[in-house]
Amino acid sequence: MSDESSMRRVTAIRNGTVIDHIPAGGALRVLDLLGLRDGASVPVSLVMNVPSKKMGSKDIIKVEDRELTGDELARLALVAASASVAIIRAFSVAEKREITLGDEVVNVVRCTFSNCITQHPREPLPHRLRVVDRDEVHLRCHYCGRPQDLDELVKNVI
Amino acid sequence: MVGLITMEDLSNEDVIEVLDAAERLLPVARGETYLPLLQGRILGNLFFEPSTRTRMSFETAMKRLGGDVVNLGDVSTSSVVKGETLFDTIQMVDGYSDVIALRHPRQGAARYAQDAARVPILNGGDGAGHHPTQTMLDLFTIRQAHGRLEGLDVVLAGDLRYGRTVHSLSHALVRFGCRVVLASPELLRMPSEIVDDLRASGGEVVETTDLYGSLAEVDVVYMTRIQKERFADEDEYAKVAGAYKLHARDLAEVRSNMIVMHPLPRVDEIHPSVDETRHAKYFEQAFNGVVTRMALLCRLLGVPVPGGEA
Ligand SMILES: [Zn+2]
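So the sequence lines, in the order shown, correspond to chains V and H. Mapping the first sequence onto the numbering used here, position 26 (from 1) lands on 26, and the numbers just tick up by one. Mapping the second sequence onto the numbering used here, position 110 (from 1) lands on 1110, and the numbers just tick up by one.
Read the hints as simulated data drawn from the structure, not as lab findings. By construction, the Cβ of each residue, glycine as well, lies at the ideal position given by its N, Cα and C atoms. Some clues are possibly wrong.
[To be verified] Here are the in silico distance ranges between beta carbons for each label pair: (1) V/Thr69 to H/Asp1197: 51 to 59 Å; (2) V/Asp103 to H/Lys1228: 54 to 62 Å; (3) V/Arg14 to H/Pro1191: 49 to 57 Å; (4) H/Asp1210 to V/Lys155: 41 to 49 Å; (5) H/Gly1151 to V/Thr100: 52 to 60 Å; (6) H/Asn1012 to V/Thr100: 33 to 41 Å; (7) V/Thr100 to H/Gly1177: 50 to 58 Å; (8) V/Lys53 to H/Arg1118: 50 to 58 Å; (9) H/Asp1233 to V/Thr69: 27 to 35 Å; (10) V/His138 to H/Val1267: 34 to 42 Å; (11) H/Pro1306 to V/Lys155: 29 to 37 Å.
[Stated by the list, open to error] Heads up, incomplete: computed chain V residues facing chain H, CB under 10 Å, no partners named: (12) His21; (13) Gly25; (14) Asn49; (15) Asn107; (16) Phe113; (17) Cys116; (18) Gln119; (19) His120; (20) Glu123; (21) Arg128; (22) Cys141; (23) Pro147.
Build out the structure end to end from the sequences listed, making use of the hints.
Spelled out as structure tokens, the structure:
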């Protein structure tokens, strides 16, 4: 099956965002990171484990009536750096957006180290993780310096 | 304002500059001359966990230079217990002082405080994190004995797993091209990510369980305490810890200028017989905490120490 036909598994959307080429099984993490799982006011469809020439299998998410912001794309980079994002307007692709992990991830997730100063819930300074290695997605806490485990990290979404 | 949070905040040239300034301040630290370089300046001592030695050392350093000190006081009676954030405490002390010495049980607290403060922060230890003023006094002691830091052979011995002192020191030694021998029981080896880091930055690092076999060929032996609590039972502890104790007779074959160091307090890992030998440097090391902190306070407050090459 081609990537083209797998896209059609999900109803076409009029306006919104399509996130394709998410590593298989990663869609739920993406929803968590984007805050689309609970109380999202817009319709979201997802397809998991779709065969893909490029990736073996992949997940796809369609978000209606919402265009992901640059900040949201940065979050996506944490768990699905390989994903491709298309902004849909009037049923056609209006824009493709690059996913890039910046030098720092600010107020997206909190440090996973249990004895970090940022564990205090009322400390007001931003949660900051430095990107040490962009390709391998290695992050360290700006404050305590501890390396972060990605599986742990996605449970710490702010 | 730029404080001192980790050793990464100082280049090798900065380290040498601070050690040079500290050397010039020795007569002041000993009380032989009075040099009120920091008159009118106030150090805020913020110790969120007890560490009488480090706190006194900061306080003495400030007062020897004519400065004043305000202390947070006993943590158990202060606002911290009432749930005040570190951010709020820093805002308050920031207004009272020109520089803050901070010790805190949580890792990352010093960097956090620096982001919250206008005045420079001197990290006096944050959880299992960094303690750069300890590293600076260790480097001062080594250079004082050997006249240089470059290319020395150094054994770090004892608890290398939990000891933040040796983590920080090992990084600094490698930066100056020292060969580092890590002598510890299997259970208390240096964390592998630190060993990897040291090697990745070009350091020559040897791991061994044999302390005594490492003594003959080195310039420095840095001892640390092995804590009973790290072991499942008393017998195991006694057996292992026994192999990381120094007695004067163990030093018969060592280099004549080899020095023995220890961050203190010691329990029984260095026998009192070593105190009498020319190798013992741990009491001077403790005193050197004052003079290096004096030099660091001057640096952070932008006050030049006279006698340097302008
Ligand atoms: Zn942290």
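Earlier hints that do not hold, by number: 1, 2, 5, 7, 9, 11, 12, 13, 14, 15
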